[in-house]
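Student: Listed below, chain by chain, are the residues.
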Amino acid sequence: MVLKTIFKLYFPFCILSLILIFFIPINSYTADVGNCLLCHKYPGLTRIDEKGNLRLLYVNEEIFGKTVHAKVKCEGCHTDIKNIPHDPVQKVDCLAECHIVEPSSEQKFSHKDVETFLTESVHSKFDKNGNVKKYSEDLPTCKNCHEDNPLYRPLAFFKKVRPGISEAALGRCRVCHKKEDFIYRFYNHITTRLHRSRIPISIAEMCSKCHDNPEIVAKHNLSTKAVFSYGETFHGKAARYLSESIPDCLDCHVGQGESAHNMLSNEDPRAPIHKNNRGKICSQIDCHPGASPRFAKYNIHAEFNLEQSPAEYYFTIFFIFLTGGTLLPLMGIIFLDSFRKLFPHITIISKKRKGM
Amino acid sequence: MEKYPVIKIQDGKKYFFRFTLNQRIQHIILAATVVILVLTGMPLKFHDAPWAPYLYALFGGISAAPTVHKTTGAILVLLFIYHVIYLTHVIYKGQVLPLKKKEGLNVGKILRLLAKQSFVPNLKDAKDIRDLFKYLLFLTDKRPEGTQFTWKEKFDYWAPFWGMVIIGLSGLVVWNKVLATKIVPGWVINFSLIAHSDEALLAALFLFIWHWYNVHFSTSVFPMGTVFLTGYLSEELMVEEHYEHYVEVMKKAGLEHEILPPHGSHEHAPRKGGYAS
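Protein chains in written order, with the numbering used here: chain A, 1 to 356; chain B, 1001 to 1277.
It is worth saying that the hints were derived from the structure and are not from the lab. Treat each hint with caution, since some may be false.
What the hints assert, rightly or not - A short, non-exhaustive set of chain A residues, derived as facing chain B with CB atoms under 8 Å: (1) Lys91; (2) Ile190; (3) Arg193; (4) Tyr241; (5) Cys252; (6) Gly255; (7) Ser259; (8) Ala291; (9) Ala296; (10) Phe319; (11) Phe321; (12) Met331; (13) Asp337.
Backbone N, C-alpha and C define an ideal beta-carbon position, used for all residues, glycine too.
Given only the sequences and the hints, what does the whole structure look like? Please build it.
Tutor: Below, the structure is given as structure tokens:
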């Protein structure tokens, strides 16, 4: 009886809801529940911040809608925004527990676990005993590496490789999955993990921000300006020529099946770059299969200077002297010969002229 | 083997035999492969240079240029091996065998024979270098009278010869690094790379400055020496660079009365054009 009354009371509301749901466009891109795009959809939306920098506040809904974060509400990351219009916002904390529900555990999702990886890695701000390391402020947090991550670089692997979502691939999803929205989301979710969002040179440039900074290298007693010396190898040079298949920093410094956030020092016996493990890294199936442990004795971070790699340095100096020693006298002869040809009959000691 | 007349007369001018067709083909393959190897190698050595990406793109960029470089390198290695076999064959058939028939062989005789080869450096070369400096510094007006192959040509032969051994071996190590490190430790690759690229730079500068100056850009031959194509050298250049050999050849051909005076000589200068004789 009570149920019947409730049903009668709410019946018009249910019908109205159904009609409303029917009219919600299927292709709605983003999870803009807070209607943030009301303002942020305008390309000219900018402001000058306290430091005098121009801040672009425009959000391209079409691009954002194709990123991995498309389903996250704006307020999910910008947690300090409660009212609209809002005050200048805080920087986003990537570790906030704010995201969509993680489908396998049905728990609220967060990047918090990444922090756990990071604290166990060589980049941790804390040492083994949990004390804050010296110069911990130099050690990276999320956005030191991820601020220039391209938002949108999906994989397309059917016939021709080109940027964008592959309709051919989506066709396969549609065999089982009916919900377009779901298909797009999981396609993105999976493909972004199947490829790297950055090409090797971008990874190297990201690492170089700290690892080529002479101050940081000296302060942390690092053995090399890592990206500089990487750039002297074929790997680095190929990367500079935009090779996508050449190994970058992560290919050697991150163990197989590990996360990049879990990078370990070369002194750590678990690290892939520990001297006992290097052979395995070089001889990976995609790299130098069949390479013996001797192969890994290659000094990949040689800088050709006296302090860091004296043998290579002296060997190079030998060739510089050989080149100079060969070419300078020969070029001297060329110079003298060209000059001599201008005055072929002149001598300082003119015995013959006297005789004539 | 092909027969080449020692002196060829064309349009009333004498041309002197220098290189057989086989040698000229070897030289052209060498020249072409070296140029391609330099063009595909230098953009890697100087990857920071503004021209490097454009030059590299010309050979297909990072996805193709290394293959071009390795293929060309392989051709050059094969050419080198062929050349050594060719040289051994020519000397053995042309000189060692006749000597063996005539008076028998021993190690000393063979070594003496090898030392006497026209492309092997000897004391005359040292003397010619000394005399060249005398001439260049205006201490005399007499050019050194060169033999069949001057010290410059011997240098041009032996420098790339040594260069090809160094660059070839180091290139093979870098190319087949997995195989190489079954025998040698990985740091050999470091040194191979340095040797490969630094010796290559030396070779390229040597060839494109020194060799090209002598055979193309010097005012005596500019705009282009043609002996590498025709195998024959003009009388004028023969007199300038190989006077001793020139006189020898002319005498052998019974042309004593037509021998020109040495290059730059005062006495005979007016006669050089031929109108006075």
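Student: Would you settle whether the hint for A:Asp337 is holds or violated, based on the nearest Cβ-Cβ distance to chain B being less than 8 Å?
Tutor: For A:Asp337, the interface hint holds, since the closest Cβ of chain B sits about 6 Å away, which is under 8 Å.
Student: Given A:Arg193 as an interface hint, is its Cβ closer than 8 Å to any Cβ of chain B?
Tutor: The hint is violated - A:Arg193 has no Cβ within 8 Å of chain B, the shortest such distance being about 25 Å.
Student: Can you verify the interface hint for A:Ile190: is its Cβ closer than 8 Å to any Cβ in chain B?
Tutor: Not OK, violated: A:Ile190 not within 8 Å of chain B, min 27 Å.
Student: May I ask you to test the interface hint for A:Cys252 with respect to chain B, counting a Cβ-Cβ separation under 8 Å as satisfied?
Tutor: Violated. Min distance 14 Å.
Student: Against chain B, run the beta carbon of A:Tyr241 and see if the smallest gap drops under 8 Å.
Tutor: Given a least distance of 4 Å, the restraint on A:Tyr241 holds.
Student: Verify the interface restraint on A:Ala296: the C-beta must sit less than 8 Å from at least one C-beta of chain B.
Tutor: A:Ala296 check passes; min Cβ-Cβ to chain B is 6 Å, inside 8 Å.
Student: Given A:Gly255 was flagged as interface, is its beta-carbon under 8 Å from a beta-carbon of chain B?
Tutor: violated (20 Å)
Student: Taking the least C-beta to C-beta distance, is A:Met331 closer than 8 Å to chain B?
Tutor: holds (6 Å)
Student: Is the hint on A:Ser259 kept, meaning its closest Cβ partner in chain B is under 8 Å away?
Tutor: Hint on A:Ser259: violated, closest Cβ of chain B at ~28 Å, above 8 Å.
Student: Quick check on A:Phe321 please, does its C-beta sit within 8 Å of some C-beta on chain B?
Tutor: violated (11 Å)
Student: Could you check if A:Phe319 really has its C-beta closer than 8 Å to a C-beta on chain B?
Tutor: Nearest chain B Cβ about 4 Å off; hint holds.
Student: Holds or violated: the hint that A:Ala291 contacts chain B, with Cβ atoms closer than 8 Å.
Tutor: holds (5 Å)
This entry does not satisfy hints 1, 2, 3, 5, 6, 7 and 11, going by the numbered hints stated previously.
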